[in-house]
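Engineer: Each chain, letter by letter, is given below.
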Amino acid sequence: MTAHAFDTLRLGSLGRYTLPLLGLAALVVLAFAVGRFPVSVGDLYAATIGKLTGTSRPVPATVETVIYQVRGPRVLAALVVGAALAAAGAAYQGMFRNPLVSPDILGVSSGAALGAALAIFLSWGLIGIQALAFAGGLGAVTLVYAIGASLRGRDPLLTLILAGVVIGTLLGSCVSLLKYLADPYNQLPAITFWLLGSLASTSPADLAVVVPTVLLGLVPLVLLRWRMNLLTLPDDEARALGVETTRLRLAVVCAATLITAASVAISGIIGWIGLLVPHAARMLVGPGFARMLPMTMILGAGFMLGVDTLARTVATLEVPPGVLTAVLGTPLFLWLLAKSKRAW
Amino acid sequence: MRYGWRPRPGLSATRLSAVLAFALALTGASLGEAREVVDSAGRRAVLPAKVERVYAAGPPASIMVFAIAPEKLLGWTRAMTPDEAAFLPQRYAALPSLGRLTGRGNTANVEVVLAAKPDLIVDAGATGDTYVSLADRVQQQTGIPYLLYDGTFARTAATLRALGAATGDSGRGELLADYVERSVGGVRAKVATIARERRPRVYYARGPSGLQTALSGSINAEVLDVLGAINVAGGQSAASGLANVSMEQVLAWNPDVIITTDPGFYARVWTDARWSRIAALKNARVYLSPQLPFGWFDFPPGPNRVIGLFWLADILYPDVFGNDLRARVADFYRLFYHREPTPAQLDALLDTPEPANR
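Going down the list, the sequences are from chains F and H. With our numbering, letter number 173 in the first sequence gets 644, and the count goes up by one each step, no holes. With our numbering, letter number 84 in the second sequence gets 404, and the count goes up by one each step, no holes.
Please note that a few of the clues may not be correct.
What the hints assert, rightly or not - For each label pair, taking beta carbons as the anchor points, the in silico distance ranges come out as:
1) L670/H with L648/F: 28 to 38 Å
2) A478/H with L633/F: 53 to 63 Å
3) A515/H with I520/F: 43 to 53 Å
4) R475/H with A809/F: 35 to 45 Å
5) L648/F with A435/H: 15 to 25 Å
6) P531/F with K510/H: 56 to 66 Å
7) G506/H with S647/F: 39 to 49 Å
8) A399/H with T717/F: 46 to 56 Å
9) R528/F with W590/H: 23 to 33 Å
10) A515/H with P531/F: 26 to 36 Å
11) D706/F with A399/H: 51 to 61 Å
12) E431/H with L648/F: 50 to 60 Å
13) V680/F with W590/H: 43 to 53 Å
14) W590/H with G521/F: 42 to 52 Å
Just so you know, the hints here were simulated from the structure itself, not pulled from any lab data. Given the structure is predicted, the values throughout are model-derived calculations rather than measurements. The C-beta atom is built at its ideal place from N, Cα and C for all residues, glycine as well.
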């Protein structure tokens, strides 16, 4: 393990991350600098770096609110959600040995959507909606995994995927039923807006809950990054190498579900990132999970931050980021597909 | 088949009119003359002389029919909640739920509508091609005359009058239309005297996060427009009218007044640091619209919003309006909902819940 750790820290492989990390840093600075509320560069400096170094002049209270309560949390949320969705996507693509898999393959998004729609239908508050979305995501995957585990004697991965597809569809129709029953003037628009996904209402309190949860889910993925590669082997070969695939798979599912459910709870449904970003990362650093995971997270964070920054700045009204990810993601994905020479 | 007709393929127009004339001649003796009525969309429908049973295709239409002729209303589009029912006479609150035939999402079963044996189907709302074709199809399918009325706030009086005439309750329709005309006219006249600089900039917060809003010109924000208030969200697209906005944008707008329809948002906004810098919060000018039995400000988009006009006029221009809202609410509820609220109910309507930290 230590030898491997050194391997990652070698200057050569570290160099691969330098450019993406610098790009991400530049994007963060840009994201802080732009927004619908005009903040001058001087005020921005005074409110952030100036404050840290103690050289700041006072800035208007509203500017401080914008930086620390509104824009800052939103930038952080975009980074966390993007990194989380991309990491979960990478984990699932590796585990299912399938490049078409995205984080919602086991029904986490459908479960979260049903939870949120139900909470809106019951006129719950914002915290209730987030909590029920989170619980719905976890519950859906638990159900799928339980079904997959109880149907033994078949290809376990195929069973799991099919159970996920079926349960996801069922939960999707439950969401449709709720939309149908919801008050068309009040609840229906709220459900529709939630399903479109948005980081518009991110508050510091959301981050205080979501960031630890996502980190909690990332820890097992980071610890298991070497063994993850073995999951891409057929089960019997992995067992021959001494890896208990069933338990490893459960750990990966738990971790990926936790981070996806937590991020979807604050962002709503945002597609594409979990599907697209791992491919880009694989092109840059190869398919080894240990190298690919950090790259996936950097790119995911950057992509989501870019999309969300566009969503909140281009017009007076918000552009749904879920729409933007698809509009930007489709050509990007096709370009990657055309460019990549490796067979999947 | 008593009043309506069902066109069959191969039935020529002349034969059809002959059959129709024959049917009318048969029923004419007992039911009086059938009438042809033209609705807001320019559609024609033949109504029986006496309309006794009316199916309202959507929530605004059901409120209108209920206001004009409650005994003719066959049911609501959904069951009343106990909170809503408390404001209506018991026998009307207990009417069955028949679903809606129009609007966004159609939940009514045409057979259920037929089983209720309506003499007339009424809808009030948008009169665009989608709704016209829906009305035509239902009329053709069921053989029941279907009238489609303009549901915009500005046309409320005209629609009440036309609906009253159609159901044979011209007196009631006239009475309610007069009330609406006098109310809206009075408010408009007073608002016209207020200089533009003195009109507040208002943000309408919808949804649990308060970050959905309705644009000026949309059906959702009509009350603001009538009151001459400046909707900070502006009016880019009247098509749908609802949009998501960012917290920063609301901070940049810095509205003087915030109106909301979401109790959860109203409870939370007072202690939320992000909203605390906005002028409306600093001056404690955030208001939760009363919702019972029907919304005062936004939904459903029906005559229920007329009382919201007075409520909001008091809020926006306290020195021009004010003082008699309680009596007006009692009047309006007696006139439109057939029951004056109890003093306790009036208190509950007019005293918005005390925010936690104010």
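Engineer: Decide, hint by hint, whether the structure agrees.
Structural biologist: Hints and how they fare:
no. : hint                           : verdict
1   : L670/H with L648/F: 28 to 38 Å : 37 Å, holds
2   : A478/H with L633/F: 53 to 63 Å : 58 Å, holds
3   : A515/H with I520/F: 43 to 53 Å : 45 Å, holds
4   : R475/H with A809/F: 35 to 45 Å : 56 Å, violated
5   : L648/F with A435/H: 15 to 25 Å : 24 Å, holds
6   : P531/F with K510/H: 56 to 66 Å : 37 Å, violated
7   : G506/H with S647/F: 39 to 49 Å : 45 Å, holds
8   : A399/H with T717/F: 46 to 56 Å : 49 Å, holds
9   : R528/F with W590/H: 23 to 33 Å : 31 Å, holds
10  : A515/H with P531/F: 26 to 36 Å : 29 Å, holds
11  : D706/F with A399/H: 51 to 61 Å : 54 Å, holds
12  : E431/H with L648/F: 50 to 60 Å : 20 Å, violated
13  : V680/F with W590/H: 43 to 53 Å : 21 Å, violated
14  : W590/H with G521/F: 42 to 52 Å : 31 Å, violated
In the structure shown, a violation is registered for the earlier hints numbered 4, 6, 12, 13, 14, in ascending order.
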